[in-house]
Amino acid sequence: MTVSPDMQRNMLRQMQTIRRFEEHASEGFLAGDIYGVVHCYIGEEAVAVGVCATLTREDKIISTHRGHGHCIAKGADLKRMMAELYGRETGYCKGKGGSMHIADFEIGMLGANGIVAGGISIITGAGLAAQMDGNGAVAVCFFGDGASNAGPFHESINIAASWKLPVIYVCENNLWAVNVPAENSLAVTDVAARAAGYGIPGKIVDGNDALAVYEAASEAVAHARNGGGPTLIECKTYRHRAHTERADQPDARPKAEIEAWMAKDPIDQLAAHLKGQQGQLTEDEWAAMDADVMSEVEAAIAFAKASPFPSTDSVSQDVFAD
Amino acid sequence: MTVSPDMQRNMLRQMQTIRRFEEHASEGFLAGDIYGVVHCYIGEEAVAVGVCATLTREDKIISTHRGHGHCIAKGADLKRMMAELYGRETGYCKGKGGSMHIADFEIGMLGANGIVAGGISIITGAGLAAQMDGNGAVAVCFFGDGASNAGPFHESINIAASWKLPVIYVCENNLWAVNVPAENSLAVTDVAARAAGYGIPGKIVDGNDALAVYEAASEAVAHARNGGGPTLIECKTYRHRAHTERADQPDARPKAEIEAWMAKDPIDQLAAHLKGQQGQLTEDEWAAMDADVMSEVEAAIAFAKASPFPSTDSVSQDVFAD
Amino acid sequence: MPREITYLDAITEAIAEEMRRDEKIFHLSTDAPGALLKEFGPSRVRQTPITESALTGMAIGAAGSGYRPIVDWRLVTFSFVAMDQIVNQAAKIHYMFGGQQKFPILFRTTVGGGTRRAAQHSQSPYSMFMNLAGLRQALPSTPYDVKGLTKAAIRDNNPVVMFESGRLGGLQGEVPDEDYTIPFGQADVKREGTDVTVVALAWLVHEALAAAETLAKEGISVEVIDPRSLVPMDAETIRRSVQKTGRLVVADEAGPTCSAAAEIISLATEDAATFKALQAPPARVCAFQVPIPYAPHLEDHVFPDRNRIIDGIRTVIGS
Amino acid sequence: MPREITYLDAITEAIAEEMRRDEKIFHLSTDAPGALLKEFGPSRVRQTPITESALTGMAIGAAGSGYRPIVDWRLVTFSFVAMDQIVNQAAKIHYMFGGQQKFPILFRTTVGGGTRRAAQHSQSPYSMFMNLAGLRQALPSTPYDVKGLTKAAIRDNNPVVMFESGRLGGLQGEVPDEDYTIPFGQADVKREGTDVTVVALAWLVHEALAAAETLAKEGISVEVIDPRSLVPMDAETIRRSVQKTGRLVVADEAGPTCSAAAEIISLATEDAATFKALQAPPARVCAFQVPIPYAPHLEDHVFPDRNRIIDGIRTVIGS
Ligand SMILES: Cc1ncc(C[n+]2csc(CCOP(=O)(O)OP(=O)(O)O)c2C)c(N)n1
Ligand SMILES: Cc1ncc(C[n+]2csc(CCOP(=O)(O)OP(=O)(O)O)c2C)c(N)n1
Ligand SMILES: [Mg+2]
Ligand SMILES: [Mg+2]
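Residue numbers (numbering that gives the first Met the number 0), protein chains in the order written: chain A, 0 to 321; chain B, 0 to 321; chain C, 0 to 318; chain D, 0 to 318.
Think of the hints as simulated: they come from the structure by calculation, not from any bench.
Among the hints, a few may not be true.
Said to hold, decoys possible - BS3-like mimics (lysine-lysine), calculated; alpha carbons at most 30 Å apart, straight line: (1) D:K189 to B:K163; (2) B:K304 to B:K202; (3) B:K254 to A:K202; (4) D:K23 to C:K275; (5) C:K101 to A:K163; (6) B:K163 to D:K23; (7) C:K275 to A:K163; (8) B:K163 to A:K254; (9) D:K189 to D:K216; (10) C:K101 to C:K23; (11) A:K304 to C:K23; (12) B:K163 to D:K37.
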């Protein structure tokens with residue numbers, strides 16, 4: 000499958016946007032401007048971007064506690080995202096959600112979620128809605144290796160497979176769930192092996208290779224749009240940072256493992272791939288792209304900082320819809 | 000694997016005991032002497048008996064809403080079982096549990112359960128206890144095809160497989176869950192296919208053939224006792240009766256399907272097998288065995304009927320243990 | 000033209016009428032209701048695997064995608080496997096996401112005992128749901144109320160939990176032919192009286208009415224209030240009644256601890272005017288705080304009934 | 000010799016001491032506590048998959064097989080995925096099976112807000128558990144109490160839910176060196192007073208003590224009662240206090256509806272002697288009945304604190 004250089008550059012830019020956004024999210028968190036908890040996606044950008052590049056605005060996705068990357072890849076507004084992290088009125092959730100709860104239903108981003116595996120059945124319901132709509136839209140479920148051991152994974156995929164729902168289940172196997180290595184809690188090496196229990200295709204893909212992810216996702220999306228039902232795609236990847244951005248937390252992962260994966264950075268890889276193709280990306284263009292991304296992120300920060308905090312009266316609003 | 004004729008006769012007798020016990024449970028229910036709900040196991044006796052014949056008293060089992068067969072196969076006392084159905088003080092649960100909640104921890108029967116898939120993690124914990132005890136005991140989980148779609152199935156088997164717990168998961172695939180055919184809710188034809196997602200052996204066996212069940216269970220039990228971890232055994236079987244004994248309930252199952260399975264009655268099959276072996280079971284012996292079983296069941300009924308109802312004071316007892 | 004239909008038929012009618020009106024409504028449950036399945040077919044009335052948790056989540060996702068799902072958990076027992084989706088998702092999602100999307104969902108579920116099905120299948124845990132913010136809830140006691148509240152619930156743009164009383168499924172009552180809804184948050188005075196207020200829920204409404212009838216013969220005038228809707232709860236109607244009668248008994252099939260009855264007593268006593276009017280301690284006439292036992296006479300002993308309500312009333316009026 | 004240790008260390012100490020004493024005790028959680036893991040190793044302090052439901056069920060099975068498991072659900076948020084095992088199994092299994100087997104299990108879980116982690120991760124739903132029959136429950140407010148109650152919980156032959164206040168994890172307090180337990184069902188009078196009774200839970204105990212200190216300067220004498228154990232609840236101590244002071248405020252971090260606060264108000268008002276002694280309506284000083292928002296000033300606005308307790312006290316004493 001060939002991905003046009005334009006598209007590759009777009010993907011690279013999105014990946015870099017995720018990275019720069021999160022680098023700031025971490026800083027802002029450590030500075031005390033961003034509250035609660037921040038889980039960074041850094042190192043895994045190729046998954047969200049590779050998958051979402053195959054989707055249209057009508058398609059839906061759902062995310063996890065590690066949600067910034069999925070939001071950005073689906074086209075969320077950096078300003079409203081950052082404002083949400085800053086707890087401002089202009090944020091996606093009016094300051095009520097924070098990092099773990101960003102959603103944008105307008106663009107089909109059905110939300111980050113503080114519950115491991117909590118979104119899997121929700122997006123499966125969106126897949127049912129898409130099937131009932133009959134317009135060929137699909138729904139994509141992002142979830143971790145840890146989530147693949149939880150009941151909702153099983154219940155939802157079984158239903159999606161039985162009903163041939165247009166859902167793509169994308170496991171981000173970053174080998175760890177907080178401080179528990181996947182090999183200690185996953186009875187099989189490959190989450191994709193579980194597809195056999197539902198009679199659906201299960202694919203393993205290098206989750207640090209955006210183009211490989213794109214290719215696998217394209218096939219799964221086409222399969223789903225054609226009424227073929229769900230696919231389980233396992234993306235082998237890794238987070239560069241600790242589980243959250245809290246300063247004092249333990250990280251049980253071996254240094255050598257971290258370094259080996261850092262060397263396989265998905266952004267470096269895609270940039271190198273483009274650079275390796277005559278005329279597709281020069282060092283200067285790459286630097287300019289990054290500068291552009293940085294200024295977009297800075298604009299988002301400025302927007303967030305300039306936005307008012309919500310009024311305390313708002314705590315009683317939106318408990319119920321009209 | 001050869002099963003001694005003595006053992007075969009014991010198995011036949013147990014199967015007949017389950018059947019006669021339940022024939023009366025149904026009568027008693029329709030007569031208004033047994034209350035609430037009664038789910039009969041009739042037609043599936045070969046599964047409980049074939050599996051439990053491989054177990055010792057130290058081994059543990061857990062059951063479902065359809066629990067009489069498992070109780071009897073594990074050696075429960077018919078009198079106390081019947082007394083429980085009759086709501087008497089002498090019942091296993093002192094009249095507090097009824098048909099859906101019979102347990103006998105003394106013999107390693109950890110209980111019937113009103114929640115589909117509710118027992119799967121409980122018996123997995125008993126398997127963990129057995130592993131920690133280190134005495135080679137195993138734990139057996141009986142559950143339905145319907146339960147195999149539920150989250151606890153997945154979570155528990157994954158843990159058992161990861162930790163190599165000595166648990167045997169026995170799916171009683173009777174093709175229906177109330178009025179929903181398995182083919183509508185199970186994404187795969189064979190529940191055993193799910194074993195691949197946990198890296199454990201998955202076996203399919205004729206659940207109406209007690210000796211085939213015995214053989215499969217023996218292997219799985221030996222594997223577990225030797226530290227090999229869990230096995231998933233799927234027994235293809237069928238219930239002869241409606242989902243419960245309530246008089247007015249709909250039964251969506253096709254008549255022809257019911258009849259075809261009635262013709263494969265597990266008791267008839269084992270009896271025929273024994274009769275076919277010179278000198279192992281004559282018609283008269285079989286009639287005598289049945290008469291003996293009947294009188295045992297009748298003694299249980301008499302015991303139940305002669306037992307006092309619990310006092311109303313007892314409602315406040317056993318909320319907490321001392 | 001009012002007709003007599005059962006409580007269960009009233010629910011089915013409500014759902015069927017709404018499904019005819021709005022094709023975005025569909026129904027999910029592990030055993031599809033026959034009448035609905037027959038009229039609307041298997042794509043709108045779906046028989047599902049036994050996965051109440053997944054169904055609950057799927058309803059949220061479908062609601063967030065423009066549908067108006069109905070999920071029948073059936074016995075409230077089974078709602079507990081879906082509790083994460085209920086507590087952590089359905090109740091909070093509208094608020095947590097800043098109100099950006101509506102989630103119109105009806106969750107149906109049967110509560111109560113009396114069926115001799117023991118502890119797991121005889122529960123009345125509505126107060127566990129009431130403790131949550133973000134779910135409308137009702138517990139109707141008559142065919143008329145259940146139809147009107149079910150229709151209101153389906154038209155509501157929020158997740159609503161409709162607790163259907165298992166004991167009342169066969170109860171006959173008048174229901175008009177015309178379309179009507181009953182707004183959430185409006186209690187109904189089922190009988191007027193002057194000596195004591197009995198706030199009763201579901202089946203206990205009927206027991207309270209029977210108790211009132213008995214006591215009327217002794218000249219004791221009992222007012223029976225049915226909150227109908229649990230969230231929001233119509234504190235005003237209850238307080239007004241207690242201010243009139245000076246006495247309060249709450250009758251409920253659930254155990255007392257942290258129950259709807261405790262909430263009603265708190266709503267009454269913490270209000271200055273009501274507190275002032277109260278002439279005797281309020282009383283909870285509830286089930287014993289125990290799991291529900293199987294044997295019929297044990298089960299019956301655990302639950303409150305008209306006789307226990309009469310005793311409760313006698314205590315608060317000091318007779 | 001009493002030492003000062005933190006609330007969290009007191010819990011760890013309690014568990015470690017009990018684990019040294021009884022090798023049938025083991026610990027299951029999705030992220031094993033470092034100190035316990037180090038001392039007892041990975042077979043007694045197990046890191047598990049993220050499956051709180053399975054862990055809860057496994058604890059029941061292991062308890063029924065002679066072990067004394069401890070399950071840490073961690074945030075109470077995650078207990079909801081285990082709710083079927085909690086409600087339908089753990090709470091009922093001893094009763095339902097006629098008392099034939101004991102199920103000694105400690106379920107640990109962290110409750111409360113203040114961490115800016117928004118609606119899902121800031122919950123205080125203890126009353127949902129209190130509504131169930133069959134689970135002992137506690138919510139301690141000091142290192143001393145949490146150690147003594149945790150040890151009592153581990154030795155108890157029932158499933159016990161220990162609600163650990165997230166806000167108090169770092170709180171220092173005196174804890175003796177010697178072995179001790181605190182029996183369930185005994186409230187503690189944290190401060191004696193004569194004008195008003197404040198029954199407060201967990202973090203609010205400390206806020207109530209601060210409020211009492213402030214009001215003491217105005218000559219208002221506040222009695223602060225900490226129930227410590229939620230099930231059983233020590234109604235006697237609360238009633239005795241209210242009979243003395245004639246006034247009751249209940250302060251809790253949970254929302255008011257069907258809350259522990261509602262239960263405490265009911266226990267007080269339905270008792271004849273206490274009702275008679277009450278000179279003003281009782282008051283709930285609780286969180287607003289909303290999901291918990293993320294932004295710090297919003298979150299802080301939702302929760303009660305010493306100032307709101309002071310306001311509540313002023314209202315009930317009419318000053
Ligand atoms: C039901 C539940 N249990 C526990 C947690 C705490 N928790 C948050 S993230 C996490 C690890 C998730 O691992 P994985 O699914 O692999 O995602 P990753 O963090 O690796 O992206 C845990 C245990 C939770 N959020 N939800
Ligand atoms: C969680 C849950 N949901 C629904 C039910 C109602 N129910 C009781 S038995 C049953 C069917 C179970 O099917 P299966 O597991 O195949 O067992 P079988 O009855 O066929 O033996 C259902 C849906 C239940 N008991 N528990
Ligand atoms: Mg992971
Ligand atoms: Mg079945």
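Run the distance test for D:K189 versus D:K216: straight-line Cα separation, threshold 30 Å.
holds, 18 Å
Compare the distance between the alpha carbons of B:K254 and A:K202 with 30 Å, and conclude whether the hinted pair is satisfied.
violated, 42 Å
Decide if the proposed pair is consistent with the structure: B:K163 and D:K23, CA atoms, cutoff 30 Å inclusive.
Holds: B:K163 and D:K23 sit about 20 Å apart, inside 30 Å.
Are C:K101 and C:K23 close enough, with their CA atoms no more than 30 Å apart?
holds, 14 Å
Take a quick look at whether A:K304 and C:K23 sit within 30 Å of each other, Cα to Cα.
violated, 41 Å
Going straight from one Cα to the other, do B:K304 and B:K202 come out at no more than 30 Å?
Answer violated: B:K304 to B:K202 is near 43 Å, above 30 Å.
For the pair supplied as a hint, B:K163 and A:K254, confirm whether the alpha-carbon distance does not exceed 30 Å.
Holds, because 29 Å separates the two Cα atoms, which is no more than 30 Å.
Take a quick look at whether B:K163 and D:K37 sit within 30 Å of each other, Cα to Cα.
Answer holds: B:K163 to D:K37 is near 23 Å, not above 30 Å.
Run the distance test for C:K101 versus A:K163: straight-line Cα separation, threshold 30 Å.
holds, 27 Å
Verify the proposed pairing of D:K23 with C:K275, using a straight-line Cα cut of 30 Å.
violated, 56 Å
Holds or violated: D:K189 and B:K163, Cα atoms, limit 30 Å.
violated, 50 Å
Holds or violated: are the alpha carbons of C:K275 and A:K163 at most 30 Å from each other?
This hinted pair is violated, its Cα atoms lying about 63 Å apart.
Going through the hint list in order, the structure does not satisfy hints 1, 2, 3, 4, 7, 11.
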